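Engineer: Kindly produce the complete structure, drawing on both the sequences and the hints.
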Amino acid sequence: MTSTAPVAAAANPLVPAFHAALQRVLAQQTSQGSATAPAAFSAAALACRDVLMQRWADTQAQDAQAATPGAVTTSRRVHYLSMEFLMGRALGNAVAALGLTPALDEALAQEGLSLGDALEREPDAALGNGGLGRLAACFLDSFAELGLPAFGYGLRYRFGMFAQRIQDGRQAEVPDDWLRLADPWDVPRPELRYTVGFGGRMVTEGGSRRWVPAERVVAEAHDFIVPAHHSQRVATLRLWQASSAEPIDLQAFCRGDHAAAGRHQLAADTLNWVLYPDDSTEAGRLLRLKQEAFLVSASVQDMVARHLRQYGSLNQLGRSEAIHLNDTHPALAPAELMRVLLDEHGLGWDEAWKITRDAVSYTNHTLMPEALETWPVRMMEALLPRHLEVIYEINHRYLQAARAAGADEGMVQRISLIDEQGERRVRMAALAVVASHRVNGVSALHSELMVQTLFADYARLTPERFHNVTNGVTPRRWLAQANPGLSAVLDKHVGSGWRQDLAQLQTLAPLAKKAKVVAEVQAAKRANKQRLAERIRRDLGLVVSPDSLFDVQVKRIHEYKRQLLNLLHVVARYQAIIANPDAPWVPRTVVLAGKAASAYHAAKGIIALAHDIARVVNSDPRVGDKLKLAYLPNYGVSLAEIIMPAADLSEQISTAGTEASGTGNMKFSLNGALTIGTWDGANIEMAEAVGEEQFFIFGLRTEAVEQLKALGYDPRLYVEQDRRLQRVLAAIGDGTFSQGDAERYRWLVDSLLQRDTYLLMADFADYLAAQERVDALYANPAEWGRKAVLNIAGMGSFSSDRTVAEYVERVWSAKSLPAGA
Numbered sequence: 001m002t003s004t005a006p007v008a009a010a011a012n013p014l015v016p017a018f019h020a021a022l023q024r025v026l027a028q029q030t031s032q033g034s035a036t037a038p039a040a041f042s043a044a045a046l047a048c049r050d051v052l053m054q055r056w057a058d059t060q061a062q063d064a065q066a067a068t069p070g071a072v073t074t075s076r077r078v079h080y081l082s083m084e085f086l087m088g089r090a091l092g093n094a095v096a097a098l099g100l101t102p103a104l105d106e107a108l109a110q111e112g113l114s115l116g117d118a119l120e121r122e123p124d125a126a127l128g129n130g131g132l133g134r135l136a137a138c139f140l141d142s143f144a145e146l147g148l149p150a151f152g153y154g155l156r157y158r159f160g161m162f163a164q165r166i167q168d169g170r171q172a173e174v175p176d177d178w179l180r181l182a183d184p185w186d187v188p189r190p191e192l193r194y195t196v197g198f199g200g201r202m203v204t205e206g207g208s209r210r211w212v213p214a215e216r217v218v219a220e221a222h223d224f225i226v227p228a229h230h231s232q233r234v235a236t237l238r239l240w241q242a243s244s245a246e247p248i249d250l251q252a253f254c255r256g257d258h259a260a261a262g263r264h265q266l267a268a269d270t271l272n273w274v275l276y277p278d279d280s281t282e283a284g285r286l287l288r289l290k291q292e293a294f295l296v297s298a299s300v301q302d303m304v305a306r307h308l309r310q311y312g313s314l315n316q317l318g319r320s321e322a323i324h325l326n327d328t329h330p331a332l333a334p335a336e337l338m339r340v341l342l343d344e345h346g347l348g349w350d351e352a353w354k355i356t357r358d359a360v361s362y363t364n365h366t367l368m369p370e371a372l373e374t375w376p377v378r379m380m381e382a383l384l385p386r387h388l389e390v391i392y393e394i395n396h397r398y399l400q401a402a403r404a405a406g407a408d409e410g411m412v413q414r415i416s417l418i419d420e421q422g423e424r425r426v427r428m429a430a431l432a433v434v435a436s437h438r439v440n441g442v443s444a445l446h447s448e449l450m451v452q453t454l455f456a457d458y459a460r461l462t463p464e465r466f467h468n469v470t471n472g473v474t475p476r477r478w479l480a481q482a483n484p485g486l487s488a489v490l491d492k493h494v495g496s497g498w499r500q501d502l503a504q505l506q507t508l509a510p511l512a513k514k515a516k517v518v519a520e521v522q523a524a525k526r527a528n529k530q531r532l533a534e535r536i537r538r539d540l541g542l543v544v545s546p547d548s549l550f551d552v553q554v555k556r557i558h559e560y561k562r563q564l565l566n567l568l569h570v571v572a573r574y575q576a577i578i579a580n581p582d583a584p585w586v587p588r589t590v591v592l593a594g595k596a597a598s599a600y601h602a603a604k605g606i607i608a609l610a611h612d613i614a615r616v617v618n619s620d621p622r623v624g625d626k627l628k629l630a631y632l633p634n635y636g637v638s639l640a641e642i643i644m645p646a647a648d649l650s651e652q653i654s655t656a657g658t659e660a661s662g663t664g665n666m667k668f669s670l671n672g673a674l675t676i677g678t679w680d681g682a683n684i685e686m687a688e689a690v691g692e693e694q695f696f697i698f699g700l701r702t703e704a705v706e707q708l709k710a711l712g713y714d715p716r717l718y719v720e721q722d723r724r725l726q727r728v729l730a731a732i733g734d735g736t737f738s739q740g741d742a743e744r745y746r747w748l749v750d751s752l753l754q755r756d757t758y759l760l761m762a763d764f765a766d767y768l769a770a771q772e773r774v775d776a777l778y779a780n781p782a783e784w785g786r787k788a789v790l791n792i793a794g795m796g797s798f799s800s801d802r803t804v805a806e807y808v809e810r811v812w813s814a815k816s817l818p819a820g821a
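Residue 821, in this note's numbering, is where the sequence shown stops; the numbers in between run on with no holes.
It should be emphasised that the hints constitute simulated quantities derived from the structure, not laboratory data. All of these numbers come straight from a predicted model, not from anything done at the bench. Just so it is clear, CB atoms sit at the ideal spot from N, CA and C, and this is done for glycine as well. Among the hints, a few may not be true.
[What the hints assert, rightly or not] Derived DSS-like pairs (lysine-lysine); straight-line CA-CA distance at most 25 Å: (1) K787 / K815; (2) K787 / K626; (3) K815 / K513; (4) K514 / K492; (5) K492 / K787; (6) K815 / K354; (7) K516 / K492; (8) K514 / K787; (9) K787 / K516.
[To be verified] Computed beta-carbon distance windows for the label pairs: (10) R424 / D269: 28 to 38 Å; (11) Q62 / D766: 48 to 58 Å; (12) H467 / R263: 41 to 51 Å; (13) G495 / G348: 49 to 59 Å; (14) Q421 / A503: 43 to 53 Å.
Structural biologist: Shown next as structure tokens:
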């Protein structure tokens, strides 16, 4: 078969120049001729950056030429706005994309170092937190791979969200100081500077309204280059850094009031300090709104300026530029674009609105109410008075059109961009829907529920606007780089073309019948488990057996994701082992990781419970290796790249109807883990692709969940019928896992008995039954291995390349716009 993997080192024309650059930088950064790991990382990164910078310039020149009037393009230029991009480490991806991994390995060996030494010196870029940011990062990889003209736009966070520390079994948040050392991938663009305003007042001059901001900050561009792996194309992540437009107050400084002298710069700096500031305070909410406004204003101004440079006018902006909102956080973008078109370029309302509607599209990522932002009118009026005026006008015209289409006043209230119940608030998800020509969910079930519940009224008025694009992940990072052992097995048996076309994995399915192939896949898994076991021992001091079943749940800690259900099973299993230690137990290592939002007390309580349970279970000599529980701190991309290839069992156990899609579920299955999960999110499409018989499906389905809630769910009825559940709750509530403190988790047990919002009690028995099926299958290694191979083979449609191609076809190409638009 013809290989499409990155070019081998021996044939790579970049190798001589790379060697020379590497040696030059190493000589500059080392003392007495002795190379160090930090110097090796810096040298390798800078040597790669030289090549990537040239590719960046070439890509921009190609895209500019394609954007000239009259040129034929397959896609509009995409401007992908997201509050987070969870990029992970960049060096491994860069050397893999450039085909320089063998050359770097050889060069470092000559210096007495390993490639791993250099890679481990790089901190994860703290530009994101969860699945939303990791999806955005996968998209950047696919933008480059597919040659799509595109920019990702985000903020250059100084301290990320936070670094998670575990102190006495409790989460503690500390700054993620990832930029304490110079970032070799950061490319400042001092020529790209835009002024962003806040506050102030509106004035009327000559019959027109003009905004006079009270505060101005300057957005300065910093670029992060993301390379393709099979061409010389790159994608650009443009990050905005805020600085004050005002110099220091020299009079205040001279009189000794240094804090007052620098207040403008401090206010600007704060915009880049933290991802998702704690919104439990008024100050935190105001800062988050300012961050979102800063992101969209700088990004829209940058897009408009580039368009004018290339086209000379704004007439075709909507047909040439696509603005995509990655969830609701950037929903101010259409209001900002309207402001720029109306106030700065003098367009009329109808022309500006047509451009905006053509340009903007929106992906909704969740049905969770707390993620659908609303902002008090008073706050927006104080901070963004002109934007609020624009939103009012959008709303007025939209509601007029809805009434003309037959909407009654009940519907008008529900679809209004302003929530009039209680304190008046601006509904940002509604603004995103109304201003977008296309709106999508991220799995078939999520998209269906989105139009049935969240956006039902909007969908009745304009059903053609709504569609589904199921998420995907990049196979370059999440298989080729994260799992070289398995990748080598796939290359051997199906060829290396799966890196570009993941659908080629389907040719692996018939090989699941061959014991030799299954054994090779299992050997790769065993090596990955050994690596994770060593990481657990290093970080936690806990010795686990790589021969045990690695049962893994790693993701943001949230009640709807039901890490607590997982812990209830651990307690039930522990109690069963104690009751019958001589039974033929399948040894199991349960691995958890994830952060809880700093103000999310219930989620932080779940983390504490996990550590309390682990302390008891892991130290009980009656249990031994039959059961271990490991909670790895500070979960991020680099840790995920170690955990996911090692997992035997992937826990995807959200309450049906609550998980939009998931991408961790895809990464696990792609790396040969079997899934235990509910009929929720992308689990459904994955099970349909792989075969439901290869999954461990349990629990109530969405319709049953809704019926149960409608009838009046009483969790105590389920507890009364299940002795195992009674014992589990009693142990948690009586202090068995909290050193006799019977009050520590009383709130948790009371919550499960009285409310149980996410139906853990209803799904507990079926979950344990599914876990028994897991045990039975794992006791048959050949059959488990066969199913693991079939899981890998069935994952061909879950590539972010396919996802992005669908966006291009349905949303980002000019032909996707309504005829005559």
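Engineer: Are any of the numbered hints broken by this structure? If so, which, sorted upward?
Structural biologist: 1 and 3
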